[in-house]
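So the sequences go chain by chain: A and B.
Just so we're on the same page, the numbering used here is the position in the first sequence counted from 1, plus 9.
Just so we're on the same page, the numbering used here is the position in the second sequence counted from 1, plus 2.
Honestly, the hints are just simulated from the structure, not real lab data.
Virtual Cβ for every residue (Gly too), placed ideally from N, Cα, C.
Hints may contain errors.
As the list claims (entries may be wrong) - If we take Cβ atoms under 8 Å as the criterion, some of the chain B residues that face chain A in the derived model are:
{"id": "1", "residue": "Gln85"}
{"id": "2", "residue": "Ser94"}
{"id": "3", "residue": "Glu114"}
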Amino acid sequence: MAKASVSPSAEERLILTKKNRRWDEVRGRSLVTICAVIMIAATIAVTVFLAQKGLQSFTVNNINPIAYLTSANWNPTGGENASFGIFPFIFGSLAVTFLSALIAAPLGIGAAIFMSEIAPKFGKKVLQPVIELLVGIPSVVYGFIGLVVLVPLLRDHFPGIGFSLFAGVIVLTVMILPTVTTIATDAMRSLPNSLRQGSLALGATRWQTIRKVLIPAALPSLLTAIVLGMARAFGEALAVQMVIGNTRDIPGSIFDTAGTLTTIVTLNIGHTTYGSIENNTLWSMGLILLIISFLFIFVVRYLSGRRKI
Amino acid sequence: MKKMKLSVLLAMFALVIGVLAACGGNAGGNESEGDTSGNSNSGGGEASETSIVVAGSSAMQPLVAAAAEQYKGENADADIQVQAGGSGAGLSQVQEGSIQIGNSDVFAEEKEGIDAGTLVDHQVAVVGMTAAINPNAGVDDLTKQQLIDIFTGKVTNWSEVGGEDQEITLVNRPDSSGTRDTFVKYALDGETPAEGVTEDSSNTVKQIVADTDGAIGYLALSYFDDDSIVKSKIDGVEATNETIGSGDFPIWAYQHSYTNGEPAGLAKEFLDYMLSDEVQTTIVPEQGYVPMTDMQVERDAEGNLTEK
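I would like the entire structure built from these sequences, with the hints used as guidance.
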């Protein structure tokens with residue numbers, strides 16, 4: 010009997026809490042759902058907007074898309090002789106991106122291995138904060154240092170006038186190095202300790218363990234680190250603009266001046282009027298930037314899918 | 003549970019479509035006039051009595067901002083926002099009504115996609131510009147033909163125009179820039195410049211010319227305030243307020259403030275103030291521009307020069 014008198018109140022309490030909980034569930038759920046929807050909507054809206062703007066050069070101004078992508082002749086203000094070929098800028102963008110990744114990848118992965126395998130304590134306490142600080146430096150600062158330090162240095166010791174593809178590559182390398190290093194370090198650290206112990210137990214030295222066991226196991230994540238670094242390099246405008254020279258010719262050597270998609274857009278967009286052909290072709294460059302960035306993301310997704318551990 | 007998921011998905015879908023429709027409708031509506039994003043805070047096209055937005059040419063921004071500061075000091079309830087962003091953006095925005103005054107280095111007639119008939123031109127000052135040469139080149143006077151030969155790449159060494167034996171490095175401006183436009187039109191007689199380093203900011207151009215042996219660029223007169231670069235004479239004429247005002251020195255451009263239709267309210271008062279003696283005799287020369295009152299010649303949008 011005593012039980013019977015207690016249980017209804019307990020049940021009541023239970024129902025009440027359950028109700029409360031359900032309400033909580035719904036609220037929490039809708040909150041995060043709204044966040045997700047806003048994110049997705051923003052992404053789709055930007056893509057649709059850019060596609061609509063970017064395609065106008067081809068639909069309204071009747072520029073041949075193939076010639077636009079492959080011609081090396083860029084002269085948007087030529088009046089009747091105007092030509093719109095952005096190949097030099099696509100080339101410039103890809104050149105600075107791949108060359109800087111080529112330098113940043115071994116440096117970043119090397120530093121990551123040092124931080125995770127050779128000196129984990131020093132790495133975590135000193136190196137990691139230092140590298141994370143580098144991520145926070147605004148790109149205009151990198152560009153300005155490039156302009157006042159790097160360009161005169163290159164001018165004095167290398168052929169050319171200092172402003173060059175090479176200067177852009179160096180500035181970008183410094184900029185993406187922290188990204189590559191941080192992600193690569195996380196990848197190395199997330200490897201299970203059993204891998205290391207098993208390899209060492211079989212008699213492998215530490216270097217053999219790193220080379221034959223740890224790097225292959227972390228390879229997809231390491232490649233992801235490099236591709237994310239490349240994506241950042243590809244989208245960078247300001248710092249590159251200050252040191253690369255922004256010319257419209259395909260560079261003959263790495264000490265030649267060059268231009269990239271981003272630098273040409275940022276240099277010109279404010280001077281053009283909305284809806285003019287110059288303005289539309291710049292939007293098209295933006296669309297191409299977006300498409301190539303999507304490609305980078307697809308590569309990252311593919312690589313993460315191949316992750317073994 | 004399945005139902006719950008489905009309904010959430012449906013709700014998400016509906017929301018995305020809704021947002022997209024809103025964006026799409028907006029973008030579609032703007033297609034003819036361009037893009038209004040970033041100016042939603044300007045209060046739309048209606049010029050309110052006490053608040054106007056001025057935007058456009060970055061070269062003009064310091065001048066207009068200085069005048070606006072002074073005007074606000076005298077009229078406490080006036081709110082004038084002066085933004086940069088480029089002549090093209092200024093003209094586009096004033097045409098679509100998202101700002102009240104659009105500043106431009108070039109005539110609206112010269113810009114594609116602008117209906118100059120609806121815009122009213124207010125010329126508030128004149129900017130002179132000339133070639134800036136690295137001091138080590140040993141040249142401070144060029145004929146117009148030499149200037150054209152240098153910028154079109156026919157002459158590639160300073161020794162060919164009486165200077166040191168140094169390679170010439172060109173420093174250009176972006177294709178649609180008003181400064182480039184003026185220089186090409188009045189210094190190069192319309193010839194297209196050869197390739198060279200391209201920079202947008204006058205300060206960067208000045209620094210490059212000052213640091214690079216053999217470099218030549220072009221700058222507004224206010225940037226020739228020290229010995230780091232040489233202010234080139236053209237055909238023996240030095241660029242000064244007097245030579246520009248008399249029409250002897252050819253490379254100059256009006257600084258235009260455009261309004262959409264006749265200005266009213268604060269926009270009109272501010273433009274009158276810009277043209278008043280108070281501003282023309284103090285701020286305009288201080289900022290390195292030629293006052294409108296010094297101009298004895300006039301130039302129209304086609305570039306025809308006439309005595310006033």
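* Hint numbers not upheld by this structure, sorted from lowest to highest -> Number 1 only.
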